[in-house]
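Asker: Spelled out, the chains give:
4 protein chains.
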Amino acid sequence: MNIRTDLAIECREMFAGEIAGVESINHDRDGISVTHVKITTPEGALKIGKPIGNYITIEIKQMNLEDEEICERGAQAVCDELKKIISVPEDASVLVAGLGNQYITPDSIGPKTVGKLLVTRHITSEGNNGHSFDVRAVSALAPGVLGLTGIETGEVIQGVADRVKPSLIIAVDALASRKLSRLGTTVQIADTGISPGSGVGNNRKELTEKTLGVPVIAIGVPMVVDAATLTMDAMETLSQHMSKNFSKNAEELVDAFEHGGREFINEALSKESTNMIVTPNDVDVISNQAAEIIAEGINRALHIK
Amino acid sequence: MNIRTDLAIECREMFAGEIAGVESINHDRDGISVTHVKITTPEGALKIGKPIGNYITIEIKQMNLEDEEICERGAQAVCDELKKIISVPEDASVLVAGLGNQYITPDSIGPKTVGKLLVTRHITSEGNNGHSFDVRAVSALAPGVLGLTGIETGEVIQGVADRVKPSLIIAVDALASRKLSRLGTTVQIADTGISPGSGVGNNRKELTEKTLGVPVIAIGVPMVVDAATLTMDAMETLSQHMSKNFSKNAEELVDAFEHGGREFINEALSKESTNMIVTPNDVDVISNQAAEIIAEGINRALHIK
Amino acid sequence: MNIRTDLAIECREMFAGEIAGVESINHDRDGISVTHVKITTPEGALKIGKPIGNYITIEIKQMNLEDEEICERGAQAVCDELKKIISVPEDASVLVAGLGNQYITPDSIGPKTVGKLLVTRHITSEGNNGHSFDVRAVSALAPGVLGLTGIETGEVIQGVADRVKPSLIIAVDALASRKLSRLGTTVQIADTGISPGSGVGNNRKELTEKTLGVPVIAIGVPMVVDAATLTMDAMETLSQHMSKNFSKNAEELVDAFEHGGREFINEALSKESTNMIVTPNDVDVISNQAAEIIAEGINRALHIK
Amino acid sequence: MNIRTDLAIECREMFAGEIAGVESINHDRDGISVTHVKITTPEGALKIGKPIGNYITIEIKQMNLEDEEICERGAQAVCDELKKIISVPEDASVLVAGLGNQYITPDSIGPKTVGKLLVTRHITSEGNNGHSFDVRAVSALAPGVLGLTGIETGEVIQGVADRVKPSLIIAVDALASRKLSRLGTTVQIADTGISPGSGVGNNRKELTEKTLGVPVIAIGVPMVVDAATLTMDAMETLSQHMSKNFSKNAEELVDAFEHGGREFINEALSKESTNMIVTPNDVDVISNQAAEIIAEGINRALHIK
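Residue numbers (the numbering used here), protein chains in the order written: chain A, 2 to 306; chain B, 2 to 306; chain C, 2 to 306; chain D, 2 to 306.
Hints in this document: simulated from the structure, not taken from any laboratory. Where hints are given, some of them may not hold.
Where chains are identical, the list cannot tell them apart; a pair therefore holds if satisfied intra-copy or between any two copies.
Below, simulated SDA-like cross-link-like pairs (lysine to any residue); rule was C-alpha separation at most 20 Å, straight line [as the list claims (entries may be wrong)]:
#1 K166 - T212
#2 K48 - M15
#3 K306 - E69
#4 K85 - G45
#5 K306 - N282
#6 K211 - I71
#7 K117 - Y104
#8 K117 - G45
#9 K211 - R164
#10 K117 - N289
Remember, predicted model here, so these are calculated numbers, not experimental data.
Assemble the whole structure, with the sequences as input and the hints as a guide.
Answerer: Below you can see the structure in the form of structure tokens.
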């Protein structure tokens, strides 16, 4: 199977029943659904296709601009879940990296979030004004993308982290989702960092505790679906339709199509689709909104005790 | 048939052989292919699905940033074809409208072009400096999009045109293409203006001589493909693959799939896909480049005699 | 005297004592000072140098990003004062025009505000969803600047207003202030529209009920000081300094300087300074913040009953 | 003396006659004036107030958008002078840092230049396509500003340089000039890097070979004048005016004003003016243009042999 998604919750949903080494707990609060997928063993990691760790998915059911209250709740949910997953002391310094390309709307959520953060490191390090007692040192960086800088995102972050020496790195990024309905309305928080192959079709280097030396929390919002995934879903729908509507002896063909066809198409599309983005029409509105929610959630989690 | 494309050349390509009321002439120059599709009769218009008029398609074969020469040639080709199609006197005033949403990268080509134009109307109307003799009065406007202004693009342009009283309107817009390979590398110039249903999934009002009172030239660059089109193409490929690889008696099913399936999927997808954009990964680079070529082409056509 | 300011409150402050035809009332609320300057007679208008009408100045004393509460109060004050000054019915349609150049940070407050507005006209005019009952039709436009469009701001607004037919126009603009301390922290709301010579050194056309046919409310935030004003203030300080510190018989010279010098310098500078902008170092932060406050204030005033 | 300028040529101009340890050579070519100020001794450095090194100033006399030819010549002049000053081998890798705040128009020239560069490091390091033979590895970074990132520009560059290991760093920045007439039309290229106190009023850390370990070439364009400088110049003009127009015995007072006043005002203004920017009205146009010229100059110097 070759469904492309960066969401652990979608990987989990592909399986019915229990999976050894994978726990999943869900609860709803105020129109927001929070699902905690916990991968605990190498077997679970292999099955799900994600590293061992915690993946919290916040789904904001009726996200829209008019409803400030639901946005407010989204930010609070991001704050609450972040606080649970942050393992460094209250005054430990944090570097937030806004990944992605600010010039491509669906990929701009990381840089946009950085622009809305309450950055304090330069105040604390000066240490010469009243604020310095109660403020955690937060720095922020939009490292750009390989095509525009010639430098791997991971290299920039590693180089800066070597200087800034944060106790924790938070990486904000646009993700790919399987379902159109999740675009812009879902936030995934993971304590695993970012692994190769994630993001909007870029082969990013690993951004993990292993490579960066400090814990890395990844916050992502699905902003694109994979073009191959989109097509496969359409064909799934079609083959179900065919099964229902054609004679019995057609079944073997449907079956052949199901399997032979899927593989064939997947291969044909996957080459092209790595060069394509599928994103909603109102991506300008939803990316601004999501950046607002994430930035506000991070600001609260890092600065309010 | 339900293939969505804004390019007359692609509509034409769906038919083999001659079409009554439709002429098509192609010539190549310096790595640039120019195709003139001329729809001359109502029958031709019905068949092609576009109004009677002239559609010139400029295909820049090896467009890339490194090659300034091919960009230079693209701009010159746009200039040359524009000059042929412009029917107003050399000193008649022109209003350029950059359609689309500047905050969505693939839809930003119109506003980006406006930002690069040589605007002169305010100099000429003042009429008090040496320049005023040799410069055509050019004004430019990015009217925004309905969702952000609450005003139809056509209403803004019409209102402004009532004041500015141009002799010609040039509308620059992002288009939808059938083929991925055309995105960002093709320019269509049409003397028909813009008709409803064009553009990146927006139901735009007509921008034509009929509604605006002066000739309207539309310049468009395909920046998106239709998600339904993408899927249909994938399924076409699959059904060809199935025909070849399955037993004889499968043919009837393939046939059924071809026809029944196509219609079914098309319907299922078309609802969703009107809310989606499919665009290349490097849309930031190609939209800048295309805006540069179009703006330079317009500047030369309007200001250099 | 030749002090350049767009704020009625600063014009008023240049005079000590009562002025016939000019009333001024001030009250403070929650760290916000609201001053109502009312010009009631032609004599008052001549003296102050502003048209007859109401000028409400909201001064947000401790505006800063960290203090969300003071921002919230600023938006509420803008809403409250707007509601008092709006004379059209609750369901009358409104067009908001965001004046200025989005590419020059201190002049971008109008376009930035437009981007944050809750625009509804396209929903109500369709009239086909549940919202249509309780929402006022609001449209918004950033008309651009003469140098980039070749079209007078007033022509664009007039043309669009002829189509959209609003009952009220609200024009948002960056202003010039005399005092540095007011930049970004003051909002002026006037029911007089905008008169020639206002704004960031541009000779704008009149945007008033007389020219546009409907009431025009101007909302402005001082974002620049005049370079000549800045220098004159410095020289004022100097001449006071000189009076104190030099011998008695120097007085005549100080006096000569005061008068002859002022005129001379004013003339010398005014030519240059019309081509210059003096703005604070953190103009990016304060223009975003002011746009947020104004947009939120307008949204509340127009949409919340 | 307390005139603030980042241009060596302006520092030089304050002295009449020869200065020991400072050479200055000028030549004109095609409407472009190139002045080479060479500081050779510690005494020269002290006198001029700049480190020992080479400062090449390119003044583009009639820079304007309409004249593509003069822009082309400007880019070529930047290329030519850069090539003379670059001391690393033809295939040595280069990191370009675009300093400044992209959200403040006069300070955005560095980030804008980065966006126009031909970045190649990621192609060469992959080393797997035909291009890799003839292309120098160029990377580029806009490190942001302290207020938005909480990280000193120098820390970001140093951290990234530790990873990327360039043989040369080119830092592009907006400068302060003494003369309004130089804004946007002058390019200074220095082989000394950037020293504390330069730039648009920010106290930047040193970016020099000493701190970064490799040669640092600084390219700067004056985009602002100092508010204090502006006022001092106005007062200079005034005192000349007074000398001419008042009686003989006023001289002593003029003299007192000249000296006592200057110091007083300078002190009074310098506090305020560090928080202010004085920049031309058309700063959007001239910053785009200057970024274009510098980027094109760098591209030619680094990639064309």
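Asker: None of the hints should be skipped; say for each whether it holds.
Answerer: Here is how each hint holds up against the structure:
1. K166 - T212: both (14 Å within a copy, 19 Å between copies)
2. K48 - M15: within (10 Å within a copy, 45 Å between copies)
3. K306 - E69: Answer is between: at 17 Å across copies they meet the 20 Å cutoff, but 23 Å inside does not.
4. K85 - G45: neither (23 Å within a copy, 61 Å between copies)
5. K306 - N282: Neither way: K306 and N282 sit 38 Å apart in one copy and 32 Å across, limit 20 Å.
6. K211 - I71: neither (37 Å within a copy, 43 Å between copies)
7. K117 - Y104: Answer is both; intra-copy 17 Å and inter-copy 13 Å each pass.
8. K117 - G45: neither (37 Å within a copy, 45 Å between copies)
9. K211 - R164: both (18 Å within a copy, 17 Å between copies)
10. K117 - N289: both (10 Å within a copy, 11 Å between copies)
In summary, the structure is inconsistent with hints 4, 5, 6 and 8 from the numbered list given earlier, while agreeing with the others.
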